[in-house]
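The primary structure of each chain is shown beneath.
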Amino acid sequence: MQNSTFNLILRRLIGAIPSLFAVIVVTFMVMRLLPGDPAAFFAGAAASAEAVEQVRHQLGLNESLLTQFWIYLKDLAQGDMGKSFTTGQPVTHDLMERLPASLELTLLGLLIAIVIGLPLGMLAATRPNSWIDHLCRLLTTSGVCLPTFFTGLVLIYIFYYLLGWAPAPMGRLDLFSSPPQDVTGFYLIDSAITGEWAIFRSALAQLILPAITLALFALAPLARMTRAGMLGVLNSDFIRSAKAAGLPRRVILVRYALRNTLLPVINTMGMVLSYLLGINVLVEKVFAWPGIGSYALEALIASDYAPVQGFVLSIAVLYVLLNLVVDLVCSLIDPRVERAA
Amino acid sequence: MNTNLLLGVQNLSVAFDTRHGRVAVLDNVNLHLHKGETLAIVGESGSGKSVTAYAALGVLDPAGKITSGKVEFDGRNLLELSPQEMRKLRGRDLAMIFQSPRTALNPIRKVGQQIEDVLQAHNPGMSGKERKEAAIEQLASVKITDPARRYNAYPYELSGGMCQRVMIAIALACKPRLLIADEPTTGLDVTTQVVIMDLVHELAQAHGMATILITHDLRLAANYCSRVAVMHAGQVLEDAPIANLFKGARHPYTKRLIAATPKPGITLEKLASIPGQLPDLRQPQPPCRFSARCDRCVPECAAPGLTLVPYSDNASHLIACRNPL
Ligand SMILES: Nc1ncnc2c1ncn2[C@@H]1O[C@H](COP(=O)(O)OP(=O)(O)OP(=O)(O)O)[C@@H](O)[C@H]1O
Ligand SMILES: [Mg+2]
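Protein chains in written order, with the numbering used here: chain A, 1 to 341; chain B, 342 to 666.
Just so you know, the hints here were simulated from the structure itself, not pulled from any lab data. Glycine included, each C-beta is placed from N, C-alpha and C at the ideal position. Errors might be hidden in some of the hints.
Unchecked claim - Facing chain B, from chain A, some residues (calculated, C-beta under 10 Å):
id : residue
1  : Phe69
2  : Ala245
3  : Leu253
4  : Arg259
5  : Asn323
6  : Pro335
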């Protein structure tokens with residue numbers, strides 16, 4: 001069994017290579033097709049034509065596209081994603097530094113969505129047409145209707161501007177706190193480990209609005225999938241035979257129905273999480289969140305090629321890993337899921 | 342009342358709320374079963390056999406409503422019990438095995454654990470180790486070879502016959518007093534059918550358990566049961582000891598059903614079929630739901646108040662017909 005798990009991981013990672021390569025090629029091309037000249041941008045508005053040419057030479061942009069691509073690939077093979085012109089740092093360093101901020105936000109958003117969406121979908125399925133079913137339907141439709149950045153702005157307007165309950169949307173901590181000692185890079189976890197509860201509170205306060213923004217988006221598909229899956233499972237024969245055997249309601253709902261619903265729900269979770277990684281770009285911008293999304297967005301505006309390429313590639317790798325985890329979890333839950341698939 | 346009576350279903354009516362409105366599926370069903378007795382319920386597909394069993398056990402679909410009647414088990418009206426009391430009775434005193442063994446088992450749980458779930462539900466005091474031993478013993482009792490290994494199998498790893506054995510093991514785990522077997526052999530090959538039926542019969546005898554066998558196969562009923570109740574479109578039309586039924590069926594429907602049963606020496610082409618179809622229960626029905634298909638229909642058949650009554654003076658032969666054979 002362990003062997004087949006290992007084989008699955010290996011096969012999936014090898015299988016991902018062509019798509020990752022395609023991602024590398026396409027991002028490389030698209031970045032160069034976009035209007036904007038990094039040399040002109042970095043030489044500054046007042047620079048002379050020679051100065052711009054000199055910068056272009058320094059940046060290696062005077063080489064042919066093919067040569068540039070070849071150099072990029074060679075660097076990538078050594079784990080070097082190039083340098084950001086804006087920060088002056090290697091892209092790998094920048095991304096690693098900002099990734100925890102994005103992941104902490106995204107995962108917390110997903111967690112909130114799971115904690116609310118799963119029970120909501122489950123209750124809605126067990127009581128069709130009750131008020132909880134209607135609430136579920138309302139939340140899932142409104143979550144789909146509103147664009148995420150708009151939800152974020154509305155939340156800021158209400159909870160920061162009007163009510164003053166939330167802190168200013170200005171990053172991961174308030175002005176008076178300094179980051180906790182770096183262990184995982186997740187401020188909530190690190191401050192909890194070291195027991196710095198003031199930092200914990202500040203980090204949590206900053207996280208809540210953007211996390212809820214993401215959660216509102218993720219809630220809809222999760223609750224809808226749980227409800228639909230649960231409804232289907234509750235109508236199946238084995239639930240009737242479990243009832244006929246006199247199993248308690250709780251056992252039937254959780255051990256029999258929910259576990260059989262989990263498979264599509266976990267697949268949905270994987271999908272939702274990969275959407276969230278994309279949507280993060282906007283939410284991070286709205287909340288001035290120092291994550292990889294806002295980093296990539298700034299680089300894109302500056303026509304800074306390397307960070308954008310690095311960002312897209314990291315998201316693609318995250319996406320591959322995420323799908324792998326989803327499949328592994330599914331094969332743990334359902335013995336029928338072919339490990340070879 | 343007869344103290345030997347284990348189950349008495351009296352004037353049980355069940356309706357389903359559907360998209361097309363309320364459908365009255367069961368119409369005043371009457372059944373009775375004595376301790377240790379074996380009763381067959383036969384009838385065409387859709388005649389309400391399963392619904393009767395589900396209603397008695399309280400496992401009807403949410404759309405199904407019991408509109409009238411009583412289900413007495415051991416002197417208690419099951420329809421008046423609280424859901425909690427009813428749950429405790431199910432699996433412990435009343436058990437059921439189902440039409441399609443494969444889908445009736447939880448697909449992602451080891452079969453041994455599914456037996457343990459039932460044991461746990463009804464014997465909270467049992468330790469985990471005792472439960473596991475009991476589950477393996479239970480697998481052995483339904484003649485599954487190598488039960489300790491099969492404990493770890495998932496339903497998809499087992500054949501249909503094996504799954505049905507597991508279902509039987511689950512149903513009998515708490516030694517119920519009544520077992521309802523709802524077409525336990527559909528979907529199984531002929532040899533496996535015989536093996537499974539023999540197993541059910543043998544275990545029922547060994548535990549002194551009363552059994553209701555639901556089937557559309559009169560021959561199967563004749564082989565394993567002492568009495569047969571014939572159902573058609575949600576009504577019980579005839580209820581008689583098996584010998585009486587084959588020698589002298591009184592209801593025209595039973596007669597047709599017997600003629601439609603394959604016998605050795607009769608080819609399929611010669612086999613009689615029952616004319617017409619089950620009535621569409623969404624439409625209002627006449628008192629006798631068979632009358633539209635019946636060649637002995639007389640004007641009295643349209644009179645209300647059709648009930649199951651003894652035929653002439655034989656108290657064990659009941660019939661619901663205005664113009665019996
Ligand atoms: N959930 C439901 N909603 C609406 N009608 C139903 C429902 N369940 C059963 N029925 C109806 O009840 C009637 C009897 O069904 P039932 O399953 O009891 O038949 P059966 O005698 O067991 O047939 P079979 O031999 O095919 O199992 C059918 O007409 C069916 O359409
Ligand atoms: Mg049936």
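* **Hinted contact Ala245 of chain A with chain B - closest CB pair below 10 Å** => It holds, given that the least Cβ distance between Ala245 of chain A and chain B is near 4 Å, below 10 Å.
* Phe69 of chain A as chain B interface residue, shortest Cβ-Cβ below 10 Å -> Constraint on Phe69 of chain A not satisfied, violated at 48 Å.
* **Leu253 of chain A as chain B interface residue, shortest Cβ-Cβ below 10 Å** => Interface hint status for Leu253 of chain A: violated (13 Å vs cutoff 10 Å).
* Does the interface hint hold: is Pro335 of chain A within less than 10 Å of chain B, judged Cβ to Cβ? -> holds (5 Å)
* Supplied contact hint for Arg259 of chain A, tested at 10 Å Cβ to chain B -> It holds, given that the least Cβ distance between Arg259 of chain A and chain B is near 6 Å, below 10 Å.
* Asked: Hint check: is the beta carbon of Asn323 of chain A less than 10 Å from a beta carbon of chain B?
  -> violated (21 Å)
The structure fails hints 1, 3, 5 (numbered hints given earlier, in ascending order).
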